[in-house]
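Novice: Fit chain D to the known structure of chain F by using the hints.
2 protein chains.
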Amino acid sequence: MNDVTSLATEECEACKAGAPKVSDKEIEAFLLQFSDWQLLEKDGIKMLYKEYSFKDFASALAFTNRVGILAEALQHHPDILTSWGKVALTWYTHKIGGLHRNDFRCAARSDLLLT
Amino acid sequence: MNDVTSLATEECEACKAGAPKVSDKEIEAFLLQFSDWQLLEKDGIKMLYKEYSFKDFASALAFTNRVGILAEALQHHPDILTSWGKVALTWYTHKIGGLHRNDFRCAARSDLLLT
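Sequences listed follow chains F and D, in order.
Read in order, the letters of the first sequence are residues 1 to 115 in this note's numbering.
Read in order, the letters of the second sequence are residues 1001 to 1115 in this note's numbering.
These are computed hints drawn from the structure, not numbers from a lab.
C-beta atoms are modelled at their ideal positions from N, C-alpha and C, and glycine is treated no differently.
Do not rely on the hints blindly, as some may be mistaken.
[Unchecked claim] DSS-like mimics (lysine-lysine), calculated; alpha carbons at most 27 Å apart, straight line:
hint	chain 1	residue 1	chain 2	residue 2
1	D	K1042	F	K42
2	D	K1025	F	K86
3	F	K46	D	K1042
4	D	K1042	F	K55
5	D	K1086	F	K16
6	F	K46	D	K1086
7	D	K1042	F	K86
8	D	K1086	F	K42
9	F	K42	D	K1046
10	D	K1055	F	K46
11	F	K16	D	K1055
12	D	K1086	F	K95
13	D	K1095	F	K86
14	D	K1016	D	K1046
15	F	K95	D	K1050
16	D	K1050	F	K46
17	D	K1050	F	K42
18	D	K1046	F	K50
19	F	K86	F	K25
20	D	K1021	F	K86
21	F	K50	D	K1086
22	D	K1055	F	K55
[What the hints assert, rightly or not] Quick list of simulated restraints, FRET-style, between CB atoms:
hint	chain 1	residue 1	chain 2	residue 2	range
23	D	D1024	F	T5	49 to 55 Å
24	D	E1010	F	A29	53 to 59 Å
25	D	L1040	F	H94	22 to 28 Å
26	F	A58	D	A1058	16 to 22 Å
[Said to hold, decoys possible] Stretch by stretch, here's where chain D covers chain F in the computed footprint (C-beta under 8 Å, at least three residues):
hint	stretch
27	68–82
28	106–112
Isolated chain F, as found in the complex:
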C-alpha cells in the first residue's frame, strides 16, 4: 500500500537526530510509484525533488502557500522555489542528513495539494 493516498495519510512521526533513513530499496520503490519525483544528492544528502507547472505566477504562489500551510502543520519544511508558472519542491530531513519516511509522506501530500 504505497499509493499516493495511503502514503499521504500515514501519520508523520516526530523526527529526531538518529532516526532511521529510508533504505535505497525503499527509495527505489517510492520513485517507481511516484515517477514525477526525482532523487537528488547534494553534499552527500539525498533529497526528493519535483517541479510542478502552473498557468501563471499567481497560481504557482498559491500552491507555494498550500505547501507552506502543510509544512507548518507538520513542522517539516521543504525548500520551495517559486517562479513564473513553476514551483519546485525539495523534501529531505535536515536532522538526519537525508531521507526519512516522513519525506515520502510529505511528497505524497504535496501531490494531493494540487487536486
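Specialist: Chain D in isolation, oriented as in the chain F frame:
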C-alpha cells in the same frame, strides 16, 4: 541618487525583447551601493541574487508573499526560494536574457519590503 529609496521609487518600464541591458559599469555601481546583493551568471545570463534571513518558516513565507504581491503589481517576477528561516531572491529579465534597470529597481523595492 542611487540609494534604496530613490531607486525603489523609480517607475518600472514595460520591458520588451531588445530593451537595453544595464552596462557592467552600472552593475558595479549597483553592487557597491547594495552590497548584500550578488551578481550571478548562469548560462551567460546575469542575475541579481540575495538571501534574506528570518526567525522561522512562517516569517520567510510571509516575505515571499510580499515579494509575490510586488511581482504581480509590476508584472515582473523573480525566482523566490523559500526555506526554513530564509528567502533567496533572484531578479533578472527573461526577455532580454540579462539585467535591465527594472531589476535594480525590483531589488531595491524587495529590500524595502523588509521594513
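Novice: A separate judgement is required for each hint: does it hold in the structure or not?
Specialist: Results for each hint:
no.	hint	in the structure
1	D/K1042 <-> F/K42	holds (19 Å)
2	D/K1025 <-> F/K86	violated (33 Å)
3	F/K46 <-> D/K1042	holds (24 Å)
4	D/K1042 <-> F/K55	holds (25 Å)
5	D/K1086 <-> F/K16	holds (22 Å)
6	F/K46 <-> D/K1086	holds (21 Å)
7	D/K1042 <-> F/K86	holds (18 Å)
8	D/K1086 <-> F/K42	holds (18 Å)
9	F/K42 <-> D/K1046	holds (24 Å)
10	D/K1055 <-> F/K46	holds (26 Å)
11	F/K16 <-> D/K1055	holds (21 Å)
12	D/K1086 <-> F/K95	holds (17 Å)
13	D/K1095 <-> F/K86	holds (17 Å)
14	D/K1016 <-> D/K1046	holds (17 Å)
15	F/K95 <-> D/K1050	holds (26 Å)
16	D/K1050 <-> F/K46	holds (25 Å)
17	D/K1050 <-> F/K42	holds (21 Å)
18	D/K1046 <-> F/K50	holds (25 Å)
19	F/K86 <-> F/K25	violated (30 Å)
20	D/K1021 <-> F/K86	holds (25 Å)
21	F/K50 <-> D/K1086	holds (20 Å)
22	D/K1055 <-> F/K55	violated (32 Å)
23	D/D1024 <-> F/T5: 49 to 55 Å	holds (54 Å)
24	D/E1010 <-> F/A29: 53 to 59 Å	holds (54 Å)
25	D/L1040 <-> F/H94: 22 to 28 Å	holds (25 Å)
26	F/A58 <-> D/A1058: 16 to 22 Å	holds (21 Å)
27	68–82	holds (count 9)
28	106–112	violated (count 0)
Against the hints set out earlier in the document, violations occur for numbers 2, 19, 22, 28.
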